[in-house]
Amino acid sequence: MPEILDQARNQVLEGGVGLDQAGVLAVLNLPDEHLTATLQLAHEVRMRWCGPEVEVEGIVSLKTGGCPEDCHFCSQSGLFTSPVRSVWLDIPSLVKAAKQTAATGATEFCIVAAVRGPDARLMKQMREGVAAIKAEVDIQVAASLGMLTKEQVDELVDMGVHRYNHNLETCRSYFPNVVTTHSWEERWETLRMVRESGMEVCCGGILGLGETVEQRAEFAAQLAELDPHEVPLNFLNPRPGTPLGDRPVVEGKDALRAIAAFRLAMPRTILRYAGGREITLGDLGTRDGLLGGINAVIVGNYLTTLGRSATDDLKLLDDLKMPVKALSATL
Amino acid sequence: MIPMDEAIGMWCDRCGEAATTGTHPGCAAARALEPPRYCAHCRRRMKVQVLPVGWSAVCVEHGELRG
Ligand code: SF4
Ligand SMILES: [Zn+2]
Ligand SMILES: [Zn+2]
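Listed in order, the protein sequences are those of chains A and B. Quick note on the UniProt record's numbering: the first sequence kicks off at 1 and runs consecutively. Quick note on the UniProt record's numbering: the second sequence kicks off at 1 and runs consecutively.
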């Protein structure tokens, strides 16, 4: 057994203290022959500190495309030749999407907008949309609307948004290679205000943007320092027309190693499968990740691309004897 | 309004290039996990809304597709 796994067993599994950057790097550098043992340990850590439940979430795009920012992976930036056009979702369709999400047993519904930060029109749409959902659907509402002012944070709390997603996307040292229209520190500032407001912090990122293994470890350590309630883990799905459109997808084994390493860095967080798992991991890999540290999934489609059917994911959870977290357990 | 089935074969609905048969295997594979982006009849970029269940794509000239 490699020394780092022995150390993780004592420190993380027994003690509940996550690995630091050097520890995460050691896990990411383990050869393939230790992958099974690494995933097994990460799974034990997840079962010990989070339990067997899986949190199921659906996401919807309230405002798609035409974003003024230049995140190089994103098909919704208006600065690239991506074919994604700007479109707004109306409130009846938003409520219908929330109902369909709740029907899968999901407890979380996240409303997303492709913006630098919300303007008055978006905040109004949110206020009406969240109220309409709360009147008709039993589901927790989360939001992801870019960078916020303090007033907007307070408004979202007032609407009853219980969790806010704002991804750091990648580590601090690599961020300027991926985004030039705003800084990592600006994102951090929004996260700080969200945390102070009492909303749950949801913050993750994307692997496979061209970062080194060292930078992947740096990212895990920076997320651990933030200590988010939830970490959504995406794998780059290279989008036509974006600056990263020709990048290769992350190797399945590297993706699984990263899942385990992020779990060993953050034993108590909700670690969610987000975009890209279908192309990076396929069906078998998806199962391996759920047995290697993942304890939450996005079901159904993503914002601009499609996902596995919710039925397939729910059947997989059933096969794995992992109960879907109930709404009563989240309130 | 021209029926959508008559439009098939003119433009690739993923990349917007001419859809000569057999030249877009990558696009065809990718479309399993993506909605269409271009109208196959007129090559216009469509307004696409992806929802947790399903999607809709509207061409201003040729109407709406759903999947
Ligand atoms: S801010 Fe969000 S929507 Fe805008 S380009 Fe960046 S990732 Fe895309
Ligand atoms: Zn094509
Ligand atoms: Zn058309």
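None of these hints come from the bench; they were simulated from the model. One or more of the hints may lead you astray.
To be verified - To spell it out: a stretch of chain B is covered by chain A in this simulated footprint if at least three of its residues, at any positions, have a beta carbon under 8 Å from a beta carbon of chain A; those stretches are: (1) 24-37; (2) 41-48; (3) 52-65.
Bear in mind the structure is a predicted one, so any value in this text is a computation, not a measurement. Note that CB positions come from ideal geometry on N, CA and C, so glycine has one too.
**Request:** Count residues of the stretch 24-37 of chain B with a Cβ under 8 Å from any Cβ of chain A, then say if the count reaches three.
**Result:** Coverage by chain A holds for the stretch 24-37 of chain B (5 residues, Cβ < 8 Å).
**Prompt:** At a Cβ distance under 8 Å, does chain A reach at least three residues of the stretch 52-65 of chain B?
**Reply:** With 4 residues closer than 8 Å to chain A, the stretch 52-65 of chain B meets the three-residue bar; holds.
**Prompt:** Under a C-beta cut-off of less than 8 Å, do 3 or more residues of the stretch 41-48 of chain B approach chain A closely enough to confirm the stated coverage?
**Reply:** holds (count 4)
Of the numbered hints given earlier, the model fails none.
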